[in-house]
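A.B. asks: Chains A and B, in that order, give the protein sequences.
If you're matching positions, the first sequence starts at 1 in the numbering used here and goes up one per residue.
If you're matching positions, the second sequence starts at 1 in the numbering used here and goes up one per residue.
In short, the hints are calculated from the structure, not lab data.
Heads up, a few of these hints could be off.
[What the hints assert, rightly or not] Not the full set, but computed from the structure, chain A residues with beta-carbon under 7 Å of chain B: (1) Ile82; (2) Lys88; (3) Met91; (4) Gly159; (5) Gly174; (6) Pro176.
Note that CB positions come from ideal geometry on N, CA and C, so glycine has one too.
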Amino acid sequence: MKKYWQLFKNGLVKENPLLFLMIGLCSSLAVTTSFENGLGMGLALTFVLLMSEVLISLLRKLIPDSIRIPVFIIIIATFVTIVELLMKAYMPDLAKALGVFIPLIVVNCIIMGRVESFASKRTVAESAADALGMGFGYLWVLTGISIVRELFGNGTFIGMTLIPEQYTIGFFTGAPGGFFVFAIFIAVTRLIRVAYEKNKGEQK
Amino acid sequence: MKQMIKLGLILALYTSIACVTLAFVNDLTKDTIASAKDKELNEGLKIVFAQADSFEQLDSSLFPSINDVTIDAVYLAKADEAIIGSVIKASGATYNDATILVGITTESTMTSIEFLELTDTPGYGQQAKEPAFKDQFIDKAIDETLALGTNVDAISGSTITSRGIVKILNAAIESGKKAITEGAQ
């Protein structure tokens, strides 16, 4: 059990795909303009990642090594299309807001990376723990960035206006604002990690 | 050679399974997706032409694209069976893409415009959806062609979006007027 918790925690913080591995960044910068978008994108990616890792781990002995990448893409693309269709049917507003970034999950580096380096070599349970860790790791950073950008850029949070319109800063809703907030997230988490490790070192 | 055929067959097998799964999901969701789209369009029609009580769709193949703006659909707006105007669904390039519903009355004015789709930059091009820009078209006279700077105010910082929208609107107005004259016959 402890092994699975370690794997989960690994994706959540220690090897967070966005903050430490630095993969899957383009979608995270583009969709994080509002809290709902960030949450929706994070959940969609977590679902695809979990299903793909579990299925690929299950089939890993049946996938010939020389054609593994095409097979991975077929499996990932299938789950992405399922998510896209369900979203269009039951959450049309969210589907519209996320637009092209849902189909683009197919080529998201987090999924390709984890499937290739982890799921194709490990057991189903380990892959599921890894997928959940990586998925939620992506999710929390995404929602964090979107909350900051929505608050400063639009002055709103889940429909409530917290900052009057005159004081909002349009910069945060644009792409440069995305880079800026993202960089601050990286800086702060690294700072915390360095402090934490130093602390741990002194105790020894 | 043998290896190649074997790999090809395995890949074909995976692809077929994926296809069947997707066909199944598509079948489950396609009605809901279509009705969501219909609902959105009907709501849009009511918003741009509130006075009308029914809409009659015309054959859009009679309305060719103008200046790279596609005329997706043309409706005659009716109140008590009399034609009081037309609604045009037109799409074209702005900074990215936009699909706009435009209402035109028989008195040569616009009722209002409504964006069905606008994929321009948030914070810049997306401002077109806000009342500050959109509401200038309410009840606007359309005897003259719309042009930025003369009878249309552009969004500052989003000139390309404004220009694209004006182009779409002009094409829609032209088609809308044509629809009204043809509908009257």
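A.B. asks: State for each hint whether it applies.
C.D. replies: Do the hints match the structure? See the list:
no. : hint   : in the structure
1   : Ile82  : 5 Å, holds
2   : Lys88  : 5 Å, holds
3   : Met91  : 10 Å, violated
4   : Gly159 : 17 Å, violated
5   : Gly174 : 5 Å, holds
6   : Pro176 : 10 Å, violated
Checked against the numbered hints above, the structure violates hints 3, 4, 6; every other hint is satisfied.
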